[in-house]
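Residue numbers (this note's numbering), protein chains in the order written: chain P, 248 to 632; chain S, 248 to 632.
Hints should not be assumed to be uniformly reliable.
Which copy is meant is left open, so a pair is good if it fits within one copy or across any two.
Stated by the list, open to error - The list that follows gives simulated cross-link-like pairs (lysine to any residue, SDA-like), each with its CA atoms no further than 20 Å apart:
| no. | residue 1 | residue 2 |
| --- | --- | --- |
| 1 | Lys282 | Asp476 |
| 2 | Lys514 | Glu402 |
| 3 | Lys260 | Ala506 |
| 4 | Lys514 | Asp290 |
| 5 | Lys260 | Glu563 |
| 6 | Lys282 | Gly558 |
| 7 | Lys282 | Pro425 |
| 8 | Lys514 | Asp350 |
| 9 | Lys282 | Thr475 |
| 10 | Lys260 | His407 |
| 11 | Lys514 | Glu599 |
| 12 | Lys260 | Pro432 |
| 13 | Lys282 | Arg480 |
| 14 | Lys514 | Gly320 |
| 15 | Lys514 | His401 |
| 16 | Lys282 | Tyr474 |
| 17 | Lys260 | Gly601 |
| 18 | Lys260 | Lys282 |
| 19 | Lys260 | Arg511 |
| 20 | Lys514 | Met348 |
Bear in mind the hints are in silico, worked out from the structure with no lab data behind them.
2 protein chains.
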Amino acid sequence: MRDVSIIGIGQTKVGEHWDTSIRHLAWYAVQAAMKDAGIERADALYVGNMLSGELSGQEHLGALVADFAGLQGIEAVKIEAACASGAAALRMGYIAVAGGMADVVIVVGVEKMTDRPGPEVTSALAMAADADYEVLHGVSFVALNALLMQRYMHEYGYAHEDFAPFAVNAHRNAVHNPYAMFPFPITRERFLAARMIASPINLLDSSPICDGAAAVILCPTEQARAYTDKAVRIAASAIATDTVAVHDRRDPLFLEGAALSARRAYKQAGVTPQEIDFFELHDAFTIMSALSLEAAGFAERGQGVRLALEGEITLEGRIPICTMGGLKARGHPVGATGVYQVVEAALQLRGEAGPNQLPNARLGMTQNIGGSGATVVTHILERLA
Amino acid sequence: MRDVSIIGIGQTKVGEHWDTSIRHLAWYAVQAAMKDAGIERADALYVGNMLSGELSGQEHLGALVADFAGLQGIEAVKIEAACASGAAALRMGYIAVAGGMADVVIVVGVEKMTDRPGPEVTSALAMAADADYEVLHGVSFVALNALLMQRYMHEYGYAHEDFAPFAVNAHRNAVHNPYAMFPFPITRERFLAARMIASPINLLDSSPICDGAAAVILCPTEQARAYTDKAVRIAASAIATDTVAVHDRRDPLFLEGAALSARRAYKQAGVTPQEIDFFELHDAFTIMSALSLEAAGFAERGQGVRLALEGEITLEGRIPICTMGGLKARGHPVGATGVYQVVEAALQLRGEAGPNQLPNARLGMTQNIGGSGATVVTHILERLA
Numbered sequence: 248m249r250d251v252s253i254i255g256i257g258q259t260k261v262g263e264h265w266d267t268s269i270r271h272l273a274w275y276a277v278q279a280a281m282k283d284a285g286i287e288r289a290d291a292l293y294v295g296n297m298l299s300g301e302l303s304g305q306e307h308l309g310a311l312v313a314d315f316a317g318l319q320g321i322e323a324v325k326i327e328a329a330c331a332s333g334a335a336a337l338r339m340g341y342i343a344v345a346g347g348m349a350d351v352v353i354v355v356g357v358e359k360m361t362d363r364p365g366p367e368v369t370s371a372l373a374m375a376a377d378a379d380y381e382v383l384h385g386v387s388f389v390a391l392n393a394l395l396m397q398r399y400m401h402e403y404g405y406a407h408e409d410f411a412p413f414a415v416n417a418h419r420n421a422v423h424n425p426y427a428m429f430p431f432p433i434t435r436e437r438f439l440a441a442r443m444i445a446s447p448i449n450l451l452d453s454s455p456i457c458d459g460a461a462a463v464i465l466c467p468t469e470q471a472r473a474y475t476d477k478a479v480r481i482a483a484s485a486i487a488t489d490t491v492a493v494h495d496r497r498d499p500l501f502l503e504g505a506a507l508s509a510r511r512a513y514k515q516a517g518v519t520p521q522e523i524d525f526f527e528l529h530d531a532f533t534i535m536s537a538l539s540l541e542a543a544g545f546a547e548r549g550q551g552v553r554l555a556l557e558g559e560i561t562l563e564g565r566i567p568i569c570t571m572g573g574l575k576a577r578g579h580p581v582g583a584t585g586v587y588q589v590v591e592a593a594l595q596l597r598g599e600a601g602p603n604q605l606p607n608a609r610l611g612m613t614q615n616i617g618g619s620g621a622t623v624v625t626h627i628l629e630r631l632a
Numbered sequence: 248m249r250d251v252s253i254i255g256i257g258q259t260k261v262g263e264h265w266d267t268s269i270r271h272l273a274w275y276a277v278q279a280a281m282k283d284a285g286i287e288r289a290d291a292l293y294v295g296n297m298l299s300g301e302l303s304g305q306e307h308l309g310a311l312v313a314d315f316a317g318l319q320g321i322e323a324v325k326i327e328a329a330c331a332s333g334a335a336a337l338r339m340g341y342i343a344v345a346g347g348m349a350d351v352v353i354v355v356g357v358e359k360m361t362d363r364p365g366p367e368v369t370s371a372l373a374m375a376a377d378a379d380y381e382v383l384h385g386v387s388f389v390a391l392n393a394l395l396m397q398r399y400m401h402e403y404g405y406a407h408e409d410f411a412p413f414a415v416n417a418h419r420n421a422v423h424n425p426y427a428m429f430p431f432p433i434t435r436e437r438f439l440a441a442r443m444i445a446s447p448i449n450l451l452d453s454s455p456i457c458d459g460a461a462a463v464i465l466c467p468t469e470q471a472r473a474y475t476d477k478a479v480r481i482a483a484s485a486i487a488t489d490t491v492a493v494h495d496r497r498d499p500l501f502l503e504g505a506a507l508s509a510r511r512a513y514k515q516a517g518v519t520p521q522e523i524d525f526f527e528l529h530d531a532f533t534i535m536s537a538l539s540l541e542a543a544g545f546a547e548r549g550q551g552v553r554l555a556l557e558g559e560i561t562l563e564g565r566i567p568i569c570t571m572g573g574l575k576a577r578g579h580p581v582g583a584t585g586v587y588q589v590v591e592a593a594l595q596l597r598g599e600a601g602p603n604q605l606p607n608a609r610l611g612m613t614q615n616i617g618g619s620g621a622t623v624v625t626h627i628l629e630r631l632a
């Protein structure tokens, strides 16, 4: 197995891109990443996407993106793992380079969600859950998360307002991210006054429906210097799964898949949670931030919210999360999110995070979650000395 | 890179499985393949599927199939490349084993198409074509193939009846395949009298809309003997892409992607087309059989139909195709087809093809095509002495 590094990154601004098709979004990100790496060709292209069929009437995105990006002939496929599609595509690219099947690989995550009416998007997103045993009974994806949040508050004695720090932190960090959908701060008061969506989840507990694409270029670490002096090493790459239906889990408040995925990653990288400098987690809803922090070993069970209340998740805290805005404020174009997380982590490790730069960041972890924790992809990235 | 072999195969009968959900279909095939290999666990699961979102309201099939098959925790993702999804998933499994990332991998292709009305399925299948530049103008997938066939007949001077041998051969070979959807012979007369769908493509030029799943188990060849004495070696695995839109091609009658994919496979296996004993090609429509034979080097341009007319594609011919019925008569559950082709090739190489057994078959080639040749996945399989 070869060591693998990221030699180029690219992203589009997240937002409502009504004038831009899914192929354009993907192409913009691929183009930016190829330029960043200084490459003009690659051996393979992996596209992370969840809903191109449902929302753009277009499957076959591997060949389509390859074609539109001028990479005809290249090996290309689409990888789907619900909202974890982006990082799952990165994992496939990692496997191809690590195993020696390819030297230069492009990974792009892309999602185009705003061309369709809201209810259609909500139905499409529910396809991350169990169609026969959850969705058929009327539950949407936000409703499932609302049930988890309600139970969490009940079990551990938190009030809804205790989740405010997650949203406030994400928005604060998005201010200096030129690619963020919501680059403005919010106050705790504004969080509390936000419109209810599915009790107890309100508008500011939730990540938005949006469009975007992000890309990275991979190559063997030993070849990385030939391309760039800003390479970021992939110290670990891991996928784990759990039951799709939440009701099938022994304990719905503990993300076994996330814990297993993180354990595999820590083992591969040979590090402990204490050595991780920052954590780009999957804050699709504030409750997911708490559960992720706990599953990944940054907080005891029931203490994820406590960690946020104590300010430890901010840029100045013990384990900064969502350092460029997270899913909440950068935005959550679902199949692209996992790659956005990795691009942002790479910016931190390259020292290019601007006003949000973490001093001496050496190890960053990303965790991309599909469904309510059914697919979890964890990457640990390391600054090359 | 490690050498990789297939140590287990499994398949469901292809048909209209109205009483069986997509997760059941996948599970049945996975179960059969695991039993065949004598394994109870695996390191990763790759699911090939195109339309679970559009036709079953279910994405996130990697985790779903893993969950339902009792493989909780396992690394699992869905791979999509239109009708080439099945073989693309096999390619991902191959990369994972060859590169040393996994020792035992399950690959399953699954599609459930018959629960929805025909027009919805036709619209869903059109997502393999270019949504913005082909489908928007009213073309369906069968219509695109009809245009190709019309042009082919015009260029090379064939009549529609010249394509009969492809359908007749497929149906004849399906008779002894217990998993085939249409296990009965058809005559040339019946072919000619079939109902027109999109001129010149009639019902018997076309593969059916259907449900099915097929699975294979992979492991390094050097470990294969520990599991089975019927291992089949993967001598080559290759993906190539072409433009998605047919009108973007220099010559729509030559499948550049198929030619490139086959060239890569021949090079990896170190063989020539002359050494291939049989070819499981992608006969979604009879015209595709002709174009595939030509692109893969078994016939000169315009001579694919001639090869069929001369009887060279039958079990007794120079290059037998669709030895167990092909897409036409075994059936074409799109995302499963690529794995069915490989399962059938493995049966031939294991000497288990029953009355359809080819004597002394040593090298079999499969070619799975997504769209009108935009993604092409070629595998060459070899009997282990």
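Results for each hint:
1. Lys282 / Asp476: within (14 Å within a copy, 50 Å between copies)
2. Lys514 / Glu402: neither (31 Å within a copy, 61 Å between copies)
3. Lys260 / Ala506: For Lys260 and Ala506, neither the intra-copy (31 Å) nor the inter-copy (38 Å) Cα distance is at most 20 Å.
4. Lys514 / Asp290: Close across copies (16 Å), not inside one copy (29 Å); limit 20 Å.
5. Lys260 / Glu563: Result: close neither inside a copy nor across copies, 26 Å intra and 60 Å inter.
6. Lys282 / Gly558: For Lys282 and Gly558, neither the intra-copy (38 Å) nor the inter-copy (53 Å) Cα distance is at most 20 Å.
7. Lys282 / Pro425: Within one copy only: 19 Å inside a chain, 54 Å across chains, cut-off 20 Å.
8. Lys514 / Asp350: Only across copies: Lys514 and Asp350 sit 18 Å apart there, 25 Å inside one copy, limit 20 Å.
9. Lys282 / Thr475: within (11 Å within a copy, 49 Å between copies)
10. Lys260 / His407: Classified as neither: same-chain Cα gap 31 Å, cross-chain 52 Å, threshold 20 Å.
11. Lys514 / Glu599: Neither way: Lys514 and Glu599 sit 28 Å apart in one copy and 43 Å across, limit 20 Å.
12. Lys260 / Pro432: For Lys260 and Pro432, only the intra-copy Cα distance (18 Å) is at most 20 Å; the inter-copy one is 58 Å.
13. Lys282 / Arg480: within (19 Å within a copy, 40 Å between copies)
14. Lys514 / Gly320: between (37 Å within a copy, 16 Å between copies)
15. Lys514 / His401: Neither way: Lys514 and His401 sit 34 Å apart in one copy and 62 Å across, limit 20 Å.
16. Lys282 / Tyr474: Only inside one copy: Lys282 and Tyr474 sit 11 Å apart there, 47 Å across copies, limit 20 Å.
17. Lys260 / Gly601: Within one copy, since 16 Å is at most 20 Å while 58 Å is not.
18. Lys260 / Lys282: within (17 Å within a copy, 49 Å between copies)
19. Lys260 / Arg511: neither (32 Å within a copy, 38 Å between copies)
20. Lys514 / Met348: between (24 Å within a copy, 15 Å between copies)
In terms of the numbered hints stated before, the structure departs from hints 2, 3, 5, 6, 10, 11, 15 and 19, listed from lowest to highest.
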